[in-house]
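Novice: Got chain A sorted already, so can you dock chains B, C and D onto it with the hints?
The chain contents come next:
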Amino acid sequence: MPQAHRLDAEQHPDSVCLGCGCLCDDITAVVADGRVVAAEHACARGEAWFAASSEDASPECWIDGQPAAIDDGLDHAAAILRNARSPLVTGLDAVCVEAQRIAVAIADRIRGFVDAGGLGAHESSIHAALEVGSVGCTLGEIRHRADLVLAWFVDPVATHPRFFERYGVDAIGEFVPRGRADRRLCVIDEHETATAAQSDHLLLLKRDRRLAALWTVRAIVAGLSLDPHTVARLTGVSLEQWNTLARLLLDARYGVILHDAGAADAEASIESAAILHLVRVLSERTRFVAAALGSGNNAKGAEQVLLWSTGYPAAVDLRGAVPAYQPQEATTSRLLDRGEVDAVLSLEGRLALDSIETSAGCSIVALVEDDLDPVPNAQVVFRVARLGTHAGGTVFRSDGVPIPARAVLPSHAPAAQELIALLLDRLEHAPGAGDA
Amino acid sequence: MPLALRFTSASQLPLELDGILPERVQALSQGAIEKLLIRHGNRLEPLAEHFAISGSIDDGTLIFESAMPSGHGIGTGMTAGVIRVVGHAGRRIGAQMRGGRIEVEGSAGDLLGQGMSGGRIAVTGDAGDHVAGPLPGSRRGMTGGVITIAGSVGAFAAAGMRRGLVAIGQSAGAGLGYRMIAGTLVVQGPCAPNPGLEMKRGSIVLLDRAIELAPTFRKAGAFRPVFLRLLARELASLNATIDIRAFGMPLDLFHGDLLTLGKGEIWTRAGALASETQA
Amino acid sequence: MTPPNTPGPRPNLVEPGAFAEAFPMTATRLVVTADTPAWALTAAQTMTGYATSVIACDAEAGIERVLDESETPDGRPGASILLFAFSRDALEKAVSNRVGQCVMTCPTTACYSGLPAGEKTIAVGGRLRYFGDGWQISKQLGGKRYWRIPVMDGEFLCEETFGTVKGVAGGNLIFLGEDPRATLAVAESAAAAMRSIPSVILPFPGGIARSGSKVGSKYKALRASTNTAFAPMLRGQVETTLPSSVRCAYEIVIDGLSLEAVEDATRAGLEVAGAMQNQLVAVTAGNYGGKLGPYHIKLENLI
Amino acid sequence: MKPEYLKIAGGTVHDPRNGVDGEVRDIWIEGGKIVSPPLDPDARPARTIDARGLVIMPGGVDMHCHIVGPKVDAGRLLSIEQTRTGSPTPRSASQRGGQMGAVPNTFTTGYRYAGLGYTTAFDAAIPPLFARHAHLELEDTPCIDRGFFTLAGNNHYLLNALKANEPARARAFLGWLIDSAKAYAIKVVNPGGVEAWKQGAQGNETDLDRPIDHFGVSPRQIVAAIAQAVDDLGLPHPVHIHANNLGVPGNWTTTLETMRLLEGRRGHLTHIQFHSYGGKDETDRGFRSRVEGLADYVNTHKNITVDVGQVLFDRTVSMTADSAVGQYLARLSGKPWISHDAELESGCGVSVVECRNTSLVNAWQWAAGLEWYLLVNDPWQVAMSTDHPNGGSFLAYPQVIELLMDRDARIRALAATPAAVREGSLLRDLDREYTLQEIAIITRAGPARMLGLEHKGHLGAGADADVAIYTPGPDRRVMFELPRVVIKGGQIIVENGEFRGAPDGETLHATADYDHAIEPSIERWFRDAYSVSLRNYAMRTPVAARRLS
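Protein sequence lines correspond, in order, to chains A, B, C and D. Our numbering puts the first residue of the first sequence at 815, with every later residue one more than the last. Our numbering puts the first residue of the second sequence at 532, with every later residue one more than the last. Our numbering puts the first residue of the third sequence at -8, with every later residue one more than the last. Our numbering puts the first residue of the fourth sequence at 5, with every later residue one more than the last.
Don't read these hints as lab results, they were simulated from the structure. You may find that some hints are simply not true.
Example chain A residues on the side facing chain D (calculated, C-beta under 8 Å, incomplete) [said to hold, decoys possible]:
#	residue
1	Gln825
2	His826
3	Asp828
4	Cys857
5	Arg859
6	Ala862
7	Asp922
8	Arg1021
9	Val1095
10	Leu1121
11	Thr1208
Each computed DSS-like pair below joins lysine-lysine, with the alpha-carbon atoms no more than 25 Å apart [stated by the list, open to error]:
#	chain 1	residue 1	chain 2	residue 2
12	C	Lys111	C	Lys135
13	B	Lys731	C	Lys135
14	B	Lys750	B	Lys731
15	D	Lys339	B	Lys731
16	C	Lys135	C	Lys157
17	B	Lys794	B	Lys731
18	C	Lys211	C	Lys111
19	B	Lys794	B	Lys750
20	B	Lys794	C	Lys135
21	C	Lys211	C	Lys157
22	D	Lys6	D	Lys37
23	B	Lys794	D	Lys339
Here the structure is a predicted model, which means the values were calculated and not measured. Where is the CB? At the ideal position from N, CA and C, for every residue including glycine.
Okay, chain A solo, but in the shape it has when bound (with noise of 0.2 Å):
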């Protein structure tokens, strides 16, 4: 990292990098000629997530592809979501805990539906809880506590760099006072990862053995007898050495399994579930926890806001008297698939941009953190300031605490949560509100 700096660049210490879900939140920015031109603490990722802090120039808005201005937007975004039959508003987790109280508010007034984004990865991670619950642990407890990690499907030492540095593995902790010497690291992964190189176990497992491996563990820790050329054959991996990782996750003082976010799919669901289910059965024997790897977008704070503002942790029906919860159904990519909306009020940009194709006949109106050319087909588009350089707000962290992004560059554009309520102030007050 690069110390020297012009003298009159501005460092902002605590800043939070949304590079990825680590969300490492002691990277000094250093501003100069209104760019961050270094990040001090961060990984690579992260510097090059601060250095694409781009230039605040363009316009802050569009109507039909022309630059216009934003009380125009406002009045014309108001318009096609008031007059929408069944409108979405979608994309929570692109913005901050502020704008998505905000958002929800204007579905709720636009009698629409309002899910967290288009991934639908939460859809595997809600279901797993709602069968299973789940025990895990803020990952400043991983950093104090476990000495076992077992990466399942997930390569933190490429995806999220300073991860085994900030919150495991290779950190001091309270109870594990020589770093890394006092932890095991297993890695169960399709390749030989980037992390299964630092790993001290590695079982190589394909991708669609996943279900009959996670089985044959739950199975083993549950003193079940299987006979090992089932297991071998299902899972392409012999029974004695899931004994042996099994014996691994039984000897651990405090164990972590480290997973990724989850898919839409059902197998990711039943793989969730089956995490879930592993780590409450290795909680009677011992301390043992699951951690999702998040990503640096703000669906956990998307999943708490719509929890505690609707009931419902995702794809929630507003259209009726009270919040209705629609896991099988309202989620964004099935809406749009289906053509079931005809209004979108996108807090992130580019999901309308891939949802062309299927939306059309769908009025959109979205919101972009960037520069980039006008979004095609959307009606409106707001630009916004970028969350993390030059807007602040709260985001949640995978684990669920909260962080506070802070602005570290000037931005003329306004920030989601600013123009966002703006909009819902229009559509609070301008004729035709509050009609049923």
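Specialist: Leaving out everything else, chains B, C and D in the frame of chain A:
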């Protein structure tokens, strides 16, 4: 004479048809039926705005005459009478159904028979995900009734099922019988690997020739118990598209999921498992 | 059985005014099936043994009919059985004991209710399931619940509840003759004809009882004792109802699911008696003076 | 500008703090506050509420509930089925939609509290690490003033300070913590026990005097030190104690010891019902209520206050920072369980539970709760709570009031419990019936006093104009379920049973005058130990909050 509803609207937006039930319209005049409110997107609109209504319901039958993939919740909470749907229909058909009969001449969307506790649903085409599954936030699926589907189904069919019978004429997707509590499930065609995970009780009969079970299912042997004869007869009487000749010879019995009680049973054709678990 | 063109019975063959006095009893019908007709019959015979009279048995029972494959719920050979008892509780106990001891134990069998489960039912599989020691499996098919109880040749399947009806028990015919052999031959033919009537059974051995009874006894502990009035060898010692030439009386007791069925069976017996009248002195019926049973089946009305 | 008055005329006023017991008075409101009647004889109120024949009380104060924060969201997640089937609060121009399950959304929470005449509520268990989350959520909780207590009983910094025998550092840290979290009070949950549980699956602290591994301080030391520090800091509410061994048979001795160790220092023992069981010692055969001895102690020690944590017979969600209890309950039910360890601070356990009057344990819990209300002589020492949603919903308060005011209703309910409770509980012989004045104390004036809320829980001049007006009737449950008028900060929220508007409430927090010399040490601590930086942890930016100190 049945009461016929022909879909005349151009809208593709979701229509919630949950209040349109034989037992409800029975007592209503044509005019009153036309004024029944249905949810179209986020508004309540009269039925007549979307449907041409003819006939009357003196025989207890209500017919949706046209394909309606965006028409959801048909037969929700139904207790008596008959609903026929001609053409593909939307999601949540027969949700929370307690009695009566729904016939879909076409395919059904996701969540067919969600939270169903009684009655009979027959689908000539395919059905989507979560057939006979639980209501949102619940872990318990269908608690009674019969669903037959001539075609294939998506993921999580009969997940959390508590009671009743589901027969699937062709293939089934992942999560078949996941966390099944009890009940009976028959699949004629191929099914995704690992059916019946975490099932506690209940019977799953898989008639395809290649089945993959989790390692926590254990073989008991090949049997032909009387209950399979009864099941075959029941399937025949339901006109389910299941080849009941397979029931004429012993089937392999596996018990599981040993992780969760292990009192469930999966029946397969003899030798359908490439290698069998024995402990 | 009865030859066609049978001439009518001679006058006074049927004792004038004779009537059978019948009682309501709770009744059920079981269908027992097995892999072979022989095992089905074995189960049926065993479970209907020692079931002649509720005077000293837990129930009155008999095989109603042998069933072929097309007639049973599971497509196997079987038999239908009727059982009668004084109360539904008594019936439930008798049926579940008998099914438990005589059907469940019998190779390859299964057991079903032969009556629709109306308002009144008795639990059979519902009681026997506990034999499964926790491994029993409940199955609902076609609106009925079955219990699958693991046993050594696989599993014993038994329907959970059996429908019951108010049946009629104690219908009877008494054949009076001079020659015991000839009288018995008539009774045998009559029993055969009566058994072909649906919904009835003749609970006594071969359908025929020789020890007709009267209510009460000189011994306080006994509720019934030999019917002295019909015992020919007591003719010199007690008052008798037997005509002087009669040396032998055989009784056929009829239990049926309805009064009509009992009457039909009685009629069938009378027809045989008519056809074989030259082997009889008279036909009569037993009663208690009409004070005990609500049903009076007058033989004359059935000719 | 002329003052705009709202006058509540001719009502029967119950204002225990000001010694008003059922007197007919006029209440004048102006600028969101209760004011003295204007001296100007010509002063005319802009609006007068005719309250003749009606009962007037200050707005209710719930001093211990769980309404915000990560564990409440976890509870929402696990109770979707209850929410989906709960009674609706339909959307209107002034209201967001919601359904009242065991754990309703924040809006429904606010509306329903107001709908009962409650205008203030405190969430009892927020780890400081999640304070920011709690504050965001409180901002979405309308109609009530609110705040939270923050957790300190298993905090590593504090344990280290106690281990080093540095009470001054511990005190300064607690002051800093209150300030940093913008919390209202300091709470301890299973002091030391949560840390012990985190160190090993079977770990928990069963003995007040056994030092916790690694830290070498005992629960007794933790509670005593925090109680002293809170007193020394002059926080408005004393240490809020969720004692060790919650729910464990025989735990009454732990509870008694915990009261004793306060040695005259102020202390509030919360959901005391869950800590009042016999069953382990030699004289007790099995699980049962052991309230009597504890209540006697409270009756003779004015330094102690309690809230009850009444259990009702219903389906609900258990949520606690006591991870060990969370796991115990989940093990019993086999149902979904959410546990979440908060680094260096706390734990969290959430699971779905159902209480039945046919269950011996549940029935004893129910009886123990009522015994508490009836055996504490001075109503100022006992506050009403259900530990919402743990023992039951706050919506059950009218039901509890009925059981307290009507002995016959109580005996009827008792009759439906198992024989051991029916015959073994003291309830059979307790004839006490609460008066309206006493109800006003345990639901409003008392909790406000316990919390040190000068502006709440009374109707004297200067108080917040939070007022509940009830229609008196023999059916106390109906009376308290359906207030005629509810006023919050001078604004009418409920009138004639109808919802009139949903004002935003305020978040109330305390401030402490602590020794700022501690800050470098805390900075070092954060750099070395936390997964977030100090600057991103502490709530430096003002929240929409009112400071109370």
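Novice: Determine for every hint whether it applies to the structure shown.
Specialist: Against the structure, the hints come out as follows:
| no. | hint | result |
| --- | --- | --- |
| 1 | Gln825 | violated, 13 Å |
| 2 | His826 | violated, 11 Å |
| 3 | Asp828 | holds, 4 Å |
| 4 | Cys857 | violated, 16 Å |
| 5 | Arg859 | violated, 18 Å |
| 6 | Ala862 | violated, 22 Å |
| 7 | Asp922 | holds, 5 Å |
| 8 | Arg1021 | violated, 27 Å |
| 9 | Val1095 | violated, 11 Å |
| 10 | Leu1121 | holds, 4 Å |
| 11 | Thr1208 | holds, 6 Å |
| 12 | C:Lys111 - C:Lys135 | holds, 15 Å |
| 13 | B:Lys731 - C:Lys135 | holds, 22 Å |
| 14 | B:Lys750 - B:Lys731 | holds, 16 Å |
| 15 | D:Lys339 - B:Lys731 | holds, 15 Å |
| 16 | C:Lys135 - C:Lys157 | holds, 22 Å |
| 17 | B:Lys794 - B:Lys731 | holds, 6 Å |
| 18 | C:Lys211 - C:Lys111 | violated, 36 Å |
| 19 | B:Lys794 - B:Lys750 | holds, 12 Å |
| 20 | B:Lys794 - C:Lys135 | holds, 21 Å |
| 21 | C:Lys211 - C:Lys157 | violated, 31 Å |
| 22 | D:Lys6 - D:Lys37 | holds, 16 Å |
| 23 | B:Lys794 - D:Lys339 | holds, 19 Å |
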